[in-house]
Structures are given as C-alpha cells and as structure tokens.
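K.L.:
The whole structure should be built from the sequences, with the hints applied where relevant.
In this text, residue positions in the sequence shown follow my numbering: the first is 1, and each later residue adds one.
It should be emphasised that the hints constitute simulated quantities derived from the structure, not laboratory data.
Check before you lean on any hint, since a few could be wrong.
[What the hints assert, rightly or not] The calculated label-pair distances, taken between Cβ atoms and stated as ranges, are: (1) N531 - G209: 41 to 51 Å; (2) Q104 - F306: 41 to 51 Å; (3) L530 - F592: 55 to 65 Å; (4) G660 - I439: 15 to 25 Å; (5) F595 - M95: 31 to 41 Å.
Where is the CB? At the ideal position from N, CA and C, for every residue including glycine.
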Amino acid sequence: GGREANQISDDYRYQDGNYEGYAPNDGYYRGGDEPAHEEDAQSDVTEGHDEDDEVYEGEYQGIPHPDDIKEKQKKRAPAVADEYRDRADLMAERMEDEEQLAHQYENIIEECGHGRFQWTLFFVLGLALMADGVEVFVVGFVLPSAEKDMCLSSSNKGMVGLIVYLGMMVGAVMLGGLADKLGRKKCLIISLAINAAFAFLSSFVQGYGFFLFCRLISGLGIGGSLPIVFAYFSEFLSREKRGEHLSWLCMFWMIGGIFASAMAWSIIPHYGWGFSMGTKYHFHSWRVFVLVCSLPCIASLVALKFMPESPRFLLEIGKHDEAWMILKQVHDTNMRAKGEPERVFTVSYIKTPKQIDEFIEIQSSTGTWYQRWLVRITTTFKQVWDNVLYCLTAQYRMNTLMLAVVWFTMALSYYGLIVWFPDMIRYLQEEAYESRVKIFDDEEVSYFTFNFTLENQIHRNGEYRNDKFIGMKFKEVRFEDSLFEECYFEDVTTSETFFENCTIISTVFYNTDLYEHKFTNCRLINSTFLNKKEGCHLDFEEDNDFLIYLVSFLGSLSVLPGNIISALLMDKIGRIKMIGGSMLISAVCCFFLFFGNSESAMIGWQCLFCGASIAAWNALDVITVELYPTDKRATAFGILNGLCKFGAILGNSIFASFVGITKVVPILLASSALVGGGLLALRLPETREQVLM
Numbered sequence: 001g002g003r004e005a006n007q008i009s010d011d012y013r014y015q016d017g018n019y020e021g022y023a024p025n026d027g028y029y030r031g032g033d034e035p036a037h038e039e040d041a042q043s044d045v046t047e048g049h050d051e052d053d054e055v056y057e058g059e060y061q062g063i064p065h066p067d068d069i070k071e072k073q074k075k076r077a078p079a080v081a082d083e084y085r086d087r088a089d090l091m092a093e094r095m096e097d098e099e100q101l102a103h104q105y106e107n108i109i110e111e112c113g114h115g116r117f118q119w120t121l122f123f124v125l126g127l128a129l130m131a132d133g134v135e136v137f138v139v140g141f142v143l144p145s146a147e148k149d150m151c152l153s154s155s156n157k158g159m160v161g162l163i164v165y166l167g168m169m170v171g172a173v174m175l176g177g178l179a180d181k182l183g184r185k186k187c188l189i190i191s192l193a194i195n196a197a198f199a200f201l202s203s204f205v206q207g208y209g210f211f212l213f214c215r216l217i218s219g220l221g222i223g224g225s226l227p228i229v230f231a232y233f234s235e236f237l238s239r240e241k242r243g244e245h246l247s248w249l250c251m252f253w254m255i256g257g258i259f260a261s262a263m264a265w266s267i268i269p270h271y272g273w274g275f276s277m278g279t280k281y282h283f284h285s286w287r288v289f290v291l292v293c294s295l296p297c298i299a300s301l302v303a304l305k306f307m308p309e310s311p312r313f314l315l316e317i318g319k320h321d322e323a324w325m326i327l328k329q330v331h332d333t334n335m336r337a338k339g340e341p342e343r344v345f346t347v348s349y350i351k352t353p354k355q356i357d358e359f360i361e362i363q364s365s366t367g368t369w370y371q372r373w374l375v376r377i378t379t380t381f382k383q384v385w386d387n388v389l390y391c392l393t394a395q396y397r398m399n400t401l402m403l404a405v406v407w408f409t410m411a412l413s414y415y416g417l418i419v420w421f422p423d424m425i426r427y428l429q430e431e432a433y434e435s436r437v438k439i440f441d442d443e444e445v446s447y448f449t450f451n452f453t454l455e456n457q458i459h460r461n462g463e464y465r466n467d468k469f470i471g472m473k474f475k476e477v478r479f480e481d482s483l484f485e486e487c488y489f490e491d492v493t494t495s496e497t498f499f500e501n502c503t504i505i506s507t508v509f510y511n512t513d514l515y516e517h518k519f520t521n522c523r524l525i526n527s528t529f530l531n532k533k534e535g536c537h538l539d540f541e542e543d544n545d546f547l548i549y550l551v552s553f554l555g556s557l558s559v560l561p562g563n564i565i566s567a568l569l570m571d572k573i574g575r576i577k578m579i580g581g582s583m584l585i586s587a588v589c590c591f592f593l594f595f596g597n598s599e600s601a602m603i604g605w606q607c608l609f610c611g612a613s614i615a616a617w618n619a620l621d622v623i624t625v626e627l628y629p630t631d632k633r634a635t636a637f638g639i640l641n642g643l644c645k646f647g648a649i650l651g652n653s654i655f656a657s658f659v660g661i662t663k664v665v666p667i668l669l670a671s672s673a674l675v676g677g678g679l680l681a682l683r684l685p686e687t688r689e690q691v692l693m
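P.N.:
Structure representation (structure tokens):
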C-alpha cells in the first residue's frame with residue numbers, strides 16, 4: 001500500500017513540474033508550446049515583414065506594435081508617484097527626454113525628406129510673411145491722401161505711422177508666447193484673422209480715431225505672425241536645409257514691399273476708383289488700396305486651414321499619435337512626389353518629454369463655464385509669463401541679452417533710415433520746388449476772370465478790382481500786402497495758399513475752402529463767405545508723388561541679391577559671420593550718405609543699404625529660431641521681435657526730426673549702432689551644426 005501511495009505522489013509531482021507542457025485529451029487548448037503552431041502564428045501575425053528593414057506592417061497602417069504598447073505601459077507605470085517627486089527631478093527628467101527627442105526628431109525629418117510638403121507650407125507661410133511686409137508700407141503710402149481725407153494735423157499724421165509699430169510690438173510678444181502653449185497653427189490663424197478683419201474694416205471707417213484703432217489692432221495681429229511663421233516652418237526642416245530655406249522664406253517680406261509699392265502706384269492716383277454716399281461718406285482710391293493690401297493675409301488664412309499643426313509642438317505637449325500621423329503624412333506626400341510611393345515610414349514610436357502641467361485640465365474641469373475659462377486663461381498667461389522669464393534664466397540670459405542688443409540696433413538704424421530716405425527725397429524736392437517760385441510785384445488787374453491754376457507764386461503789393469476767380473486752384477500761392485476790391489471767388493480749392501497783410505473790400509467767397517486761418521493780419525471789409533466747402537479735399541497732383549512709390553519699389557527690389565546670397569551661403573559660412581559681416585558692410589554704406597545731395601544719389605544709396613542689410617535680418621531670424629527650445633522658441637522670437645519694433649518706433653521718431661536740419665546725426669547714429677551690433681553679434685554661439693531642441 002505504501003509503494004502505491006508513493007507512486008501516485010510521484011505522478012502528481014511529475015504533472016506539477018511539467019504543467020506547462022501538459023495537454024489532456026479533452027479538446028481544450030492549455031497554452032502549450034507547439035513549434036509547428038508557433039511558426040504558423042508568426043507567419044500570420046507578421047505578414048509583410050521585411051527582414052532587411054525590420055518593418056512591422058501594422059506601422060504603415062497606423063497601428064502601433066504590441067511591443068511598443070507594452071513599453072508605453074511600463075513608462076506610464078511610475079507616473080502615479082510623480083506628484084510626490086521634487087519638481088527639479090521632474091524638470092531634469094524632462095530635459096533629458098527633450099534631448100533624446102531632438103536627435104530622434106532630426107533623424108525622422110531626414111527620413112521624411114524635403115519635398116512637396118515643405119514647398120507647399122513654404123508658400124502658405126510666405127503669404128503670411130508677405131502680409132507683414134505689406135503692413136509696414138501701407139500707412140506710409142496712404143498718409144498723404146488720408147491726411148486730407150480725414151483732416152489730419154502733423155501730430156495726428158505721425159501717430160498713424162507709429163501706431164502700427166506699437167500694435168506689432170504688442171502682438172509679437174503676446175501671440176508669440178501663446179504659440180508655445182496653444183500651437184503654431186492655431187495662433188497663426190488667430191493672428192492672420194485679426195489682421196485681415198481690422199485691415200478690411202479700416203478701409204471703410206471715416207473718423208480718425210476709429211481708423212487709428214483699426215490700424216492698431218491690425219498691427220497687433222500681423223505682429224504676432226512673424227515669430228510664429230519662423231518657428232512653425234523651422235520645425236519641418238532638417239538641419240542641412242534649415243538655414244537656406246528659412247532665408248528663402250524671408251524673400252516674401254521683400255515681395256510684400258514690392259506688392260504694396262506696385263499697388264499704391266497703380267491705384268492711389270486714380271481718384272475715380274471710389275464712390276460717395278451723400279456728402280459725408282467718401283470711399284476714395286486710397287481706401288481701395290488698403291482693401292487690396294489685405295488680400296495676401298486672407299489668402300494665407302484660407303490656405304493655412306489645410307495645413308497640419310507642427311508635429312514637434314505636438315510631441316512637446318505629449319500628443320504622440322497626432323504627431324506620428326502628421327509626420328507620416330509628410331513622409332508619404334514627399335515620397336509620392338518623388339515617385340516612390342512604396343517607401344514605408346519606418347518610425348513606430350517617438351520619444352515624448354515628461355508632461356508636468358496636467359493640473360490645468362483637472363482645474364479646468366470643475367466649476368461653472370466662466371470659472372473654467374478664467375482658470376484656463378489665467379493659467380495660460382501665467383505659463384506664457386514663465387516662458388518669458390525662462391528666457392532670462394542663467395542658461396539663456398547672455399544669449400538673450402546679446403540678441404536683444406543686435407535686434408534693437410539693427411531695427412533702430414534700418415527702420416530709421418527707411419523713413420529718413422523718403423523724407424529726405426521729399427525735402428530735396430521741396431527745395432527744388434521753392435527755388436522755382438515766381439514773384440509778381442505791384443501788378444494791377446481789373447475786370448479779369450481767372451479760371452486756371454496758379455501754382456508756386458508770390459504776389460506782392462498787387463491790386464485786384466472787379467476780378468472773378470472761378471473754378472480754379474491755388475497751389476503754393478501767397479498774396480502779400482495786396483488789395484482785393486469787389487472781387488468774386490467761386491468754387492475755389494487751395495493748397496498751402498495764404499493771404500498776408502491784405503485788404504479785402506466788398507468781396508464774395510462762394511463754395512471755397514478759404515477759411516479764417518488762411519487770412520493772416522488781413523482786413524475784411526463788407527465781405528461775405530457763403531456755402532463754405534466742408535471737410536478736407538484731396539489734391540492728387542501734389543500729394544501722390546510717383547517718385548515716392550518708385551523709391552519704395554526700388555528699395556524693396558534691391559534686397560533680392562542680398563536674399564539670394566544669404567540663402568546660398570547661410571549654411572556654408574554660418575549665421576554669426578553673416579550677421580556681423582552684413583551689419584558692418586551696412587555701416588560702411590551709411591557713410592556714403594554724406595555724398596547724397598540729389599534725389600538720384602539718395603535712391604542709389606538707399607538701394608545699396610537695403611541690399612547689404614537684408615542678410616543680417618535673415619541670419620537673425622535663423623539664429624533666433626535655433627537658439628531656443630521648442631516650448632520657448634516662439635516666445636523668445638516674439639520678445640526679440642517686439643524689441644525690434646520698439647527700435648523701429650524710436651528710429652522713426654529720431655531720424656524724422658532731423659530732416660532738413662542736418663544729415664550728420666542720423667548717419668552717425670545709424671553707423672555706430674550697426675558697428676556696435678555687428679561686433680557684438682560675433683560673440684553669439686554658432687548654431688549651424690546643432691539639432692533643433
């Protein structure tokens with residue numbers, strides 16, 4: 001009996017020790033290892049497996065590999081304990097993840113190639129950059145007409161010119177910061193929509209205050225587009241292509257200037273291209289020009305709806321699957337365009353940095369709707385402010401300060417001279433015009449009808465009796481110490497016309513714009529003013545000078561050689577040498593302005609200066625994108641571009657105040673700023689060989 005018991009025990013022990021291979025004959029599968037079945041299973045599961053590339057077929061269909069799912073689950077496992085970990089530890093882990101992601105993402109972009117997708121995005125974002133270039137030129141072209149249409153004083157006219165830069169300064173900082181939190185595409189759409197809406201509206205408003213407000217908000221919108229465009233496009237480019245193609249993108253700013261100049265030249269002088277509604281509402285040709293200038297922005301806004309979000313941004317906020325699908329779209333689009341549609345996207349998993357800001361969604365899901373929005377808005381702006389402060393931390397402080405000085409000095413000199421050139425040309429024209437003035441002394445005219453234009457004349461000690469001035473224009477005419485007796489003025493329009501120390505007896509003024517301020521120390525005896533002209537009146541022959549449009553057109557066109565050279569050499573000689581060399585050459589060009597004593601000389605030196613300085617602008621855009629990590633890139637670019645617009649405001653104000661007084665101060669100020677900024681730029685780190693963090 002004992003031997004039987006031991007035998008039974010050994011049998012159970014044998015079955016327990018070999019349970020994995022035990023398969024009772026009951027018709028059920030018990031998980032045993034059967035080589036033949038395993039081989040068949042491998043054949044079924046991995047159909048399409050390529051031994052050379054080690055590609056899992058499911059990846060091509062957007063299905064993650066089972067091993068990758070397990071790996072993700074392992075990585076999520078310790079996340080529960082993150083709330084108990086020190087924030088410094090979490091940040092250190094995130095920075096390590098970001099460094100791994102940067103190198104992996106560079107390899108992925110190289111695998112996707114550079115082709116149809118990047119070129120499509122290039123033209124879509126180019127239209128947005130073109131809208132920024134147009135915005136800079138619009139106000140300068142419409143001011144001569146708008147000042148008469150809206151009765152602008154000199155101070156009001158200057159405010160219209162500066163208000164756009166003020167809006168662009170605020171928009172660059174605000175929308176650039178939001179782009180690092182809400183996304184490149186979303187914030188660029190918001191930026192362009194604001195610009196298009198208020199630029200369109202500004203062409204219809206009649207009052208000065210409302211027009212000023214519309215241009216301010218329009219500038220705020222387009223100011224935010226510049227930092228977003230460069231951050232957005234750079235994240236679809238590999239290291240070898242980044243400098244060159246970001247420089248090609250800068251050409252659209254030049255195209256915007258050419259477009260604005262050509263449209264102003266062809267539209268504004270045509271006074272008939274408009275309409276009136278009663279006596280109060282007038283839609284003149286300069287308003288048509290403002291309307292046309294909003295077209296690049298609208299075109300970019302529509303095209304942008306069909307473009308994806310930046311996958312680099314999506315990875316930064318932990319949206320792995322969305323980023324993977326977009327990168328696959330980029331890869332497949334480029335491969336199809338190259339005639340290789342069979343090429344498989346081999347990436348199955350991309351490193352995503354550790355997410356630290358999950359608390360936003362927890363807070364946002366509680367309370368009423370306005371409390372949720374308040375929490376979301378305040379938290380977002382707090383994060384934007386933290387990003388701004390991060391750019392001044394020890395790691396980035398020195399680079400940020402040096403870049404700030406370079407951006408500011410470049411903007412002060414460039415935008416200051418860009419305004420100073422047309423003003424100087426206009427001043428030279430006025431000097432030449434005044435030198436041709438005709439002077440009439442002691443003339444006596446009686447019973448004569450004046451029905452033609454009097455221009456650039458001075459009449460002294462004249463006597464006019466029983467004369468008629470009907471349907472005529474006075475342009476730059478002065479009557480000094482003259483007598484008008486029993487004369488009749490009807491339907492008279494004047495520009496820079498004044499009566500000084502004159503005696504006017506029994507004279508009728510009907511439907512004229514001869515207001516009280518045009519009579520200085522005059523005696524009006526028994527004279528009558530009937531049905532005075534209301535509002536301000538345009539005089540296109542005087543104000544819309546073709547030469548000003550030509551100067552801006554040639555200045556924009558002159559940067560084409562500089563754009564081409566900078567694009568071809570950006571990745572060969574590096575960003576730092578490009579900035580320093582371009583700024584120093586531009587400083588030398590400034591000294592030659594001392595010899596610009598004629599209109600043609602000023603135009604020539606302006607073209608040379610613009611052509612030399614554009615390379616520095618392009619290299620500044622590229623290095624600013626590359627020096628900062630993805631979650632701070634648009635913020636840093638926005639801060640520096642906002643500082644650039646502040647420099648533009650100062651440059652416009654300072655340089656314009658010296659027109660007609662002296663050339664020495666503007667030239668020395670611009671030259672010294674460029675030399676200082678160029679030498680400082682040589683101390684910046686070179687970024688041509690580094691991956692996009």
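K.L.:
Please list, smallest to largest, the hint numbers that this structure does not respect.
P.N.:
1, 2, 5
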